[in-house]
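> Next come the chains, spelled out residue by residue.
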Amino acid sequence: MSRAKEVDPAAEAALFILQDQVHEPMHDRFLWATMMRRDEEAAAMPEWEELREIASKIKEHTLTHLDHYLEEFEANATKRGAHVHWALDAAEHNNIVYSLLHDRGVKELIKSKSMLQEECAMTPFLEKRGIRVVESDLGERIQQLDGQPPSHIVFPAIHKTRQDVAQLFARTIGTDPGNDDPHFLTEAMRNNARPRFLAAGAGMTGGNFAIAETGTFMVCTNEGNADIGASVPPLHIASIGIEKLIPRVEDMGVFLRLLARSAEGAPLTQYSSHFTGPRKGGELHIVLVDNGRSRRLGMPDFWHSLKCIRCGACMNTCPVYRRSGGLAYGATYSGPIGVILDPTFDEFKYSELPFHSTLCGSCSDVCPVKIDVSDQILKWRRVMAKKGYLPLAKRLSFAVAGHVFGHPAEYHAMENVAGPAIDYAPHFLLYDRTWNPWGRDRELPQLAKETFRQWYLENRSEHANVQH
Amino acid sequence: MAIPDEATNGKAFSPDMKIGLFIPCYIDMIYPEVGIATLELLERFGLNVGYPLNQTCCGQPMSNSGDEANAAATERLFVENFRGYDCIVGPAGSCVKQVRCHFDTLPQTDDVRHVRQRTYELVEFLHDVLKVDSFPWAEFPHSVAIHNSCSSIRGLAIAKPSEIMGASFDKTEALLSKVKRLVLVPVDRPDDCFGFGGTFCVTDEAVSARMGLDKVHDHLRHGAEYVVSPDMSCLMHQQGVARRAGLDLKYIHVAQVLNAGPF
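Protein sequence lines correspond, in order, to chains A and B. If you use our numbering, the first sequence corresponds to residues 1 to 468, in order. If you use our numbering, the second sequence corresponds to residues 1 to 263, in order.
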């Protein structure tokens, strides 16, 4: 685990907002519209809240019997002819994938979107070893061509305008930079990608759900790209996090109804493909990856984050994410779910993330599997505070504020001095006025000439000593 | 909604009860008129209201930053000040949520439990406990946009969060609709947070300011003259944004409207 400098989401978000008047408003509007569609879809199902509850219970049950379901999945997948591999961490995952490719002389790989493969930094690992990796999801391919990680777990290039994409394609695949028609750009990339599917010696996917009962895994996409990647090349490798397990086929009836509605406000993804064993003449390898998940399962305050089905609804609803862009989080997972997952990989590096939130709570209410996201953000702040990772200025101010608020005489003395002495809001609310950013975009509130307490003593003196 | 069981107690209300008036620190110093309106309003219903003079803060600024150690003395003092009252009423959703939902790192003594269970935000106290059906003294001939804070919506269930499916309700709206000549205007994003978030508004200044500005425009677009909220802290942020941008919107607390002033 790297001990890199902390990522600074507030500073990165400021850059996203201040770059121009186009990107942030577009990002916010698109994701808000997605939320509106999600609300409509959810409202059309009278049993929506019940479904969330059932989904949450199924995930809790599976996670508390994870060893059992993992072994059941392995046995059933093996019975159907798949090869199951176990990876303790990212390095093991990458090495397993590399040996599979290397042993078969594969030089080019086509892959669909997988946050787990992002988490494992698989692509740079393979490319360093001479294997060409091509993303087949359109948004993910855009990000790959631009040398950026995905900024959203469902819409990887959502922070880009179509003009950005036109410029990028002009630079990388030779399209007309002036043509930013989405149909044209999509068709251009389709034509560019087709030969890559045919050239690839292997296709890789992730897995949205792994069904213990049958050894099946499901991949949900809108472009059908995972299906081609899994069907054309002779070798299919799927990377699946161990938390993706669900017990039975019939449980899919719960999760499929929630997933696309939460993710994009659509009843279902265009493709919901089941993979049970290899296709005729092909090879199927499943890599089950832990990479910190077992440790997370042992964290009383945070294990519920393993229920996540990666729909991204918490990102779409998050007012802070919508203004920040996902790259501001400087981590594999961004938005509210990223804020609670990323610190489990590196507490120091991601120590600022839990503070990049207003704790509004919308993420917890939108989550289709009822993860207490907002409460976990607050709990991560407590962890960071205990570790001494609070920004220094904040720490000093709170030591003073904590003392003053705990001692009424000092508080009222400060009030009396502060009133006539400064015209603006009290020091403990605004910290150091010499660098306090409140004043950059906002007028400061003015202190009243007389506090409520002073007014009370003058106007309700007969009540003044109810208790003391 | 993450509401602990203790948040929804249905104990009957008796007029002899001693009501403790909780005036959060920033209202005390910046918006004393909100404290006055709250006190006068409660007195209009003939309640026995006392104001403990030793009160300071609820601990939220420290607690929200994860700093439980520095919050603890403040939280203990809060309990000490208010344990003698039957009900505690404060005109501030986020501060009441702090007491009710986040006083969980203190040892849960009888006093702590009593104070947590019996602390109400003003709107829910009027709506759920007093069940007020009219404000005959109140008249407000203006167009008003409601801003319920996130803490009030998602922590105290003052209104239905838009993400949760089910029958819609808004207790602030229910009370304001009883005020003569007041016209409520709808907004596009009624429960989208607009970026105060306590220390967030200074540590995450650019995002906070942008969220605030978006909200101001939402209100202006719908022709609101006033934004009325049960949470003055949200309004403090929004008012600062509107003033800086030179936009004409007025921000007042729901207590001032329901009590007919002071403004």
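Keep in mind that the hints were calculated from the coordinates and are not lab data. Hints are supplied without guarantee of correctness; some may be wrong.
[As the list claims (entries may be wrong)] BS3-like, lysine-lysine: derived pairs with alpha carbons at most 27 Å apart:
no.: 1; chain 1: A; residue 1: Lys-379; chain 2: B; residue 2: Lys-250
no.: 2; chain 1: B; residue 1: Lys-131; chain 2: B; residue 2: Lys-160
no.: 3; chain 1: B; residue 1: Lys-171; chain 2: A; residue 2: Lys-370
no.: 4; chain 1: B; residue 1: Lys-171; chain 2: A; residue 2: Lys-449
[Unchecked claim] A few chain A residues facing chain B, derived, Cβ under 10 Å:
no.: 5; residue: Phe-30
no.: 6; residue: Trp-32
no.: 7; residue: Gln-167
no.: 8; residue: Arg-196
no.: 9; residue: Ile-228
no.: 10; residue: His-356
no.: 11; residue: Leu-359
no.: 12; residue: Trp-380
no.: 13; residue: Arg-381
no.: 14; residue: Gly-406
Keep in mind the model is a prediction, meaning the values are calculated, not measured. The beta carbon of each residue, even a glycine, is placed where N, CA and C say it ideally should be.
> Confirm or reject each hint.
Outcome of the hint check:
For the suggested pair Lys-379 (chain A) and Lys-250 (chain B), the alpha carbons sit about 36 Å apart, so the restraint of at most 27 Å is broken. Taken as a hint, the Lys-131 (chain B) and Lys-160 (chain B) pair is honoured in the structure, with Cα atoms around 19 Å apart against an allowance of 27 Å. A C-alpha spacing of about 25 Å is found between Lys-171 (chain B) and Lys-370 (chain A), which places the hinted pair at or below 27 Å, so the restraint holds. Under the criterion of a C-alpha separation no larger than 27 Å, the hint pairing Lys-171 (chain B) with Lys-449 (chain A) is inconsistent with the structure, at around 33 Å.
Among the interface hints, the one on Phe-30 (chain A) is violated; its C-beta lies about 14 Å from the nearest C-beta in chain B, farther than the 10 Å criterion. With 10 Å as the threshold, the beta carbon of Trp-32 (chain A) comes within range of chain B, its nearest partner Cβ sitting at about 7 Å, so the hint holds. Given the 10 Å rule on beta carbons, the hint for Gln-167 (chain A) is violated: about 25 Å separates it from the nearest Cβ of chain B. The interface hint given for Arg-196 (chain A) is broken, as the beta carbon of that residue sits about 39 Å from the closest beta carbon of chain B, more than 10 Å.
Interface hint at Ile-228 (chain A): violated, since its Cβ lies 35 Å from the closest Cβ of chain B, which is beyond the 10 Å cut-off. About 6 Å separates the beta-carbon of His-356 (chain A) from the nearest beta-carbon of chain B, less than 10 Å, and the hint is met. Using the Cβ-Cβ criterion of 10 Å, the hint placing Leu-359 (chain A) at the interface with chain B is satisfied: the shortest such distance is roughly 6 Å. With a least beta-carbon distance of about 7 Å to chain B, the hint placing Trp-380 (chain A) at the interface is held under the 10 Å criterion.
Checking Arg-381 (chain A) against chain B by beta carbon gives a least distance of about 3 Å; that is within 10 Å, so the hint holds. Evaluation of the Gly-406 (chain A) hint against chain B yields a held restraint, the C-beta minimum of about 3 Å falling below 10 Å.
Of the numbered hints listed earlier, those contradicted by the structure are 1, 4, 5, 7, 8 and 9.
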